[in-house]
Amino acid sequence: MTTPLTKNEDLKYQLESLASYEPNDIDNPQFEVVYEDANEREGFITVCCVDVAERAHKRIEELEKALHDIAALAEDGQLEIYAVGSIVDSALTD
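Sequential numbering from -18 applies to the sequence shown in my numbering.
Calculated directly from the structure, the hints in this document are not laboratory data.
Possibly wrong hints are sitting among the right ones.
[Stated by the list, open to error] Dumping the calculated DSSO-like pairs for lysine-lysine here, alpha-carbon to alpha-carbon at most 30 Å:
1. Lys(-12) to Lys46
2. Lys39 to Lys(-12)
3. Lys(-7) to Lys46
[Said to hold, decoys possible] Now the in silico label distances, taken between C-beta atoms and shown as ranges:
4. Glu56 to Ile26: 38 to 44 Å
5. Asp50 to Thr(-13): 30 to 36 Å
6. Asp57 to Ser1: 21 to 27 Å
Using N, Cα and C, we set each Cβ at its ideal position, and we do this for glycine too.
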């Protein structure tokens, strides 16, 4: 029996899967994102969900690597982690 994925692992694999699609393979891969600037003026852009998934997946991998590197430094005694330690542990296991 396999161990079920955590929510974060599940999200990572879903993003990776979505990022592997070609935009033409999805009926409507685009959606609009509304932004508001500091002067409360609105603007919007149209983005492709495949591109967003690819960027999010890459960013998650970068952050996971950084967390593992921090944890390794702390284990080797090269870095002291106080309150952040529980955050790192939680992020690695959720």
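Do the hints match the structure? See the list:
no.: 1; hint: Lys(-12) to Lys46; in the structure: holds, 18 Å
no.: 2; hint: Lys39 to Lys(-12); in the structure: holds, 17 Å
no.: 3; hint: Lys(-7) to Lys46; in the structure: holds, 14 Å
no.: 4; hint: Glu56 to Ile26: 38 to 44 Å; in the structure: holds, 43 Å
no.: 5; hint: Asp50 to Thr(-13): 30 to 36 Å; in the structure: violated, 20 Å
no.: 6; hint: Asp57 to Ser1: 21 to 27 Å; in the structure: violated, 36 Å
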